[in-house]
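Enquirer: With the hints as extra help, turn the sequences into a complete structure.
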Amino acid sequence: MKTTRRPTSSRRKRTLMTIREQTQCRFCRDGKNYIDYKDLETISKLVTNRGKIFSRKRSGNCAGCQRKVKRAIKRARFMALLPYTT
Amino acid sequence: METAVKRMYEGLFLVDTAIAAADWDLVCETINRILDKAEAEVVSFRKWDERKLTYDIGKVSRGTYILVYFNCDPLRVNEIERDVQLSETLLRVMILRTDRMTQDDIEKATPLMVAEKQAEEEAAQAAAEAAEAEKARAAEAPETGSDSDVNVTDESQESQEGHQAGDAENTASPEDPQQH
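Chains A and B, in that order, give the protein sequences. One point on numbering: in our numbering, the residue at position 63 of the first sequence is 63, and numbering is uninterrupted. One point on numbering: in our numbering, the residue at position 95 of the second sequence is 95, and numbering is uninterrupted.
Be careful, since some hints might not be right.
To be verified - No farther apart than 16 Å at their CA atoms in a straight line, the calculated lysine to aspartate or glutamate pairs in the EDC-like style are these:
| id | chain 1 | residue 1 | chain 2 | residue 2 |
| --- | --- | --- | --- | --- |
| 1 | B | K47 | B | E116 |
| 2 | B | K108 | A | D39 |
| 3 | B | K108 | A | E41 |
| 4 | B | K59 | B | E88 |
| 5 | B | K37 | B | D73 |
| 6 | B | K37 | B | D83 |
| 7 | A | K32 | B | D104 |
| 8 | A | K74 | A | D39 |
| 9 | B | K6 | B | E41 |
| 10 | A | K32 | B | E88 |
| 11 | A | K32 | B | D105 |
| 12 | B | K47 | B | E29 |
| 13 | B | K47 | B | D99 |
As the list claims (entries may be wrong) - Away from chain B, derived, C-beta distances all over 10 Å, residues of chain A:
| id | residue |
| --- | --- |
| 14 | N33 |
| 15 | F54 |
| 16 | S55 |
| 17 | G60 |
| 18 | R75 |
Said to hold, decoys possible - Label pairs and their in silico Cβ distance ranges:
| id | chain 1 | residue 1 | chain 2 | residue 2 | range |
| --- | --- | --- | --- | --- | --- |
| 19 | B | E140 | A | S44 | 40 to 50 Å |
| 20 | A | R29 | B | E120 | 32 to 42 Å |
| 21 | B | N32 | A | E41 | 23 to 33 Å |
Hints in this document: simulated from the structure, not taken from any laboratory. Quick reminder that beta carbons are idealized off the backbone N, C-alpha and C, glycines included.
Expert: Next up, the structure:
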């Protein structure tokens, strides 16, 4: 029994460790204060292929960064760089 | 009351590509005239990119973006936006304050510049490869008497490979599940 239990517990610990490592969102980690609406490489990753903005749960952004992303995406939509809907 | 303090702004102007390609000077002139009217000092003026618009604006489907950094009186930014709306050559403009941007954001390479650089690199690589191939051919030439036979076999192999790859793609594509 012991031999079967050990790997599961260690695996659990390992997964917990890996989850804990990312305590900050992707923009906080880079120390970015401003999210550029012209930077389509980063922004298009935060949008579904139909043009909807990913939720905070899905993108892993903090509240502040999600607001910045929202603003950037809406600016990009106005300039016809991203679609409103498809 | 007039404020003498000027702020740095970033403006992205959107123009129809057909107009920009036909008369680039006219586009530059209209933008400069609008900025001059608002007593703005242009810091940098460059073409940002040329791309297909994600949705049609009026009947325009391809646009040219022009990125301008300028120092301007904050009270006169509205004037610029209104003039762009009244203008027939310019479609849209986005004017933002630059105080939260870093210098890197401002000096970042435009997609047009990146594409040009890539094209240059590719051209250089292709030239280098061609030069190498020629060198190799020159080195091989004295050893092998009949060059023409070797070349023919190489080409036939390549063409066969190409056909096989094409077939593989054709068979694979219908099986891909459609993503939404």
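Enquirer: If a hint holds in the structure, say so; if it does not, say that too.
Expert: Comparing the hints with the structure gives:
no.: 1; hint: B:K47 - B:E116; verdict: holds (13 Å)
no.: 2; hint: B:K108 - A:D39; verdict: holds (10 Å)
no.: 3; hint: B:K108 - A:E41; verdict: holds (13 Å)
no.: 4; hint: B:K59 - B:E88; verdict: holds (13 Å)
no.: 5; hint: B:K37 - B:D73; verdict: holds (12 Å)
no.: 6; hint: B:K37 - B:D83; verdict: holds (9 Å)
no.: 7; hint: A:K32 - B:D104; verdict: holds (11 Å)
no.: 8; hint: A:K74 - A:D39; verdict: holds (13 Å)
no.: 9; hint: B:K6 - B:E41; verdict: holds (9 Å)
no.: 10; hint: A:K32 - B:E88; verdict: violated (37 Å)
no.: 11; hint: A:K32 - B:D105; verdict: holds (10 Å)
no.: 12; hint: B:K47 - B:E29; verdict: holds (14 Å)
no.: 13; hint: B:K47 - B:D99; verdict: violated (22 Å)
no.: 14; hint: N33; verdict: violated (6 Å)
no.: 15; hint: F54; verdict: holds (15 Å)
no.: 16; hint: S55; verdict: holds (17 Å)
no.: 17; hint: G60; verdict: holds (21 Å)
no.: 18; hint: R75; verdict: violated (6 Å)
no.: 19; hint: B:E140 - A:S44: 40 to 50 Å; verdict: holds (48 Å)
no.: 20; hint: A:R29 - B:E120: 32 to 42 Å; verdict: holds (33 Å)
no.: 21; hint: B:N32 - A:E41: 23 to 33 Å; verdict: holds (31 Å)
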